[in-house]
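Engineer: What follows is the residue order along each chain.
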Amino acid sequence: MSEFELRRQLQGLRQERQPGVDLWPGIAGRIAGPQPARLSARQRALRTPWPWAAAAGLVLAIVGVQVANRVHRADLAERERAAAALRVDQALALIDASYLGVERELSRAGHDGPAAVTSPTLMNAEATLHGAELELRRTLAREPRAEYLLDLLARARSKRMSLELQRRDA
Amino acid sequence: MRTNLATVMTEPMPRPAEDGDAALVRRAVAGDSGAFEQLYRKHVGRVHGAIWRLSGRNHARAEELTQDAFVQAWRKLGEFRHESAFGTWLYRLAINVALMALRAKGGAALEDSMEPYELEDLGGHARRPDLGMDLESAVASLPPRARAVLVLFDVEGWTHEEISAELDMAVGSSKAQLHRARGLLRARLGATT
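The listed protein sequences derive, respectively, from chains A and B.
First residue of the first sequence? That's -14 in the working numbering, and the numbers climb one at a time after it.
First residue of the second sequence? That's 1203 in the working numbering, and the numbers climb one at a time after it.
Simulated from the structure, these hints should not be mistaken for lab results.
Since the structure is predicted, the reported quantities are computational estimates derived from the model, not experimental observations.
Careful: at least some of the hints might be erroneous.
[Said to hold, decoys possible] To give a feel for the contact side, a few chain A residues facing chain B, derived at Cβ under 7 Å:
1. Gln3
2. Gly11
3. Ile16
4. Arg153
[Claimed, not checked] Label pairs and their in silico Cβ distance ranges:
5. B:Arg1228 x A:Gln3: 23 to 29 Å
6. B:His1261 x A:Gln(-6): 47 to 53 Å
7. B:Val1373 x A:Asn54: 28 to 34 Å
[As the list claims (entries may be wrong)] These stretches of chain A come out as covered by chain B in the derived footprint (C-beta under 8 Å, 3 or more residues):
8. -5 to 1
9. 114 to 120
10. 129 to 135
We treat Cβ as the ideally placed atom computed from N, Cα and C, and that holds for glycine.
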């Protein structure tokens, strides 16, 4: 039997059916007495939908305010993020500039001076600091509002330069 | 498409004297039980038919629920706003009464999930799926919740949204129950497709 045929036959079941016995005497016995369903004007007023409409309106208003607040907060957060990104960029430029002289000196020494002493310990420490520095830069790029990381980054950079100088001087 | 079909099918069958219901309802609201008896005589076939199918062809239960539905209707007549046909209002109220009672019966008669179901009150023919059943027996043999969804959707023409609201289930659950019910129905009918 196809789906269509099954559904057609099911629709065909929708037929009226009389009870096997007359149910009216039993119903009449149960509804004897005054009509309890008749409501007073006050009861009708209480059952009208306006209180529900008012409640629904209030709920909608509250939800609307919450949504507006959320949008406003999201907008503020975006502005804060943009401002923080600008500050981070400026701070990173300052950090980079402050070590520019040291790096030039190290670079010149590498070309003109004696060959650098390659201590594995110092090399490893430098690599670790360099990795940490890169990671801090990536994190700040993702979340510029984490400005407290700038201090860590500056310290890592400073330490790495110190190690480099120490290795050169050894 | 479904909405239109549902709208058509959830309306009671056309009655030439539908307008006469309004006057009878007003008299009944005023306490005229004779007017209410006329409404009962006019609509009992439609109401009882739906309840009988929902109750799995359980005659005694269906008659009890039909009586309950009309008693409830009498009590709630004052709430009828004449915004829809009286037959539609009565039919929805009766279905609600039936579903509530079936749900309450045995704690959770309508709360079956995917459990197998004992065939209830069916003849030997119905208990022999290998022989195939007639359609009404097969519908009656379905688990209560699956049967309710199938009867309301495929027989009475309700939408899944209406069924989910009435049975307090998600629309997806209604669709799943319908799929399950049709599958069980095919198996019990011995269908090969």
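Engineer: Run every hint past the structure and note whether it holds.
Structural biologist: Right, here's what the structure says about each hint:
no.	hint	verdict
1	Gln3	5 Å, holds
2	Gly11	5 Å, holds
3	Ile16	4 Å, holds
4	Arg153	70 Å, violated
5	B:Arg1228 x A:Gln3: 23 to 29 Å	26 Å, holds
6	B:His1261 x A:Gln(-6): 47 to 53 Å	22 Å, violated
7	B:Val1373 x A:Asn54: 28 to 34 Å	32 Å, holds
8	-5 to 1	holds (count 6)
9	114 to 120	violated (count 0)
10	129 to 135	violated (count 0)
When held up to the earlier numbered hints, the structure conflicts with 4, 6, 9 and 10 and fits the remainder.
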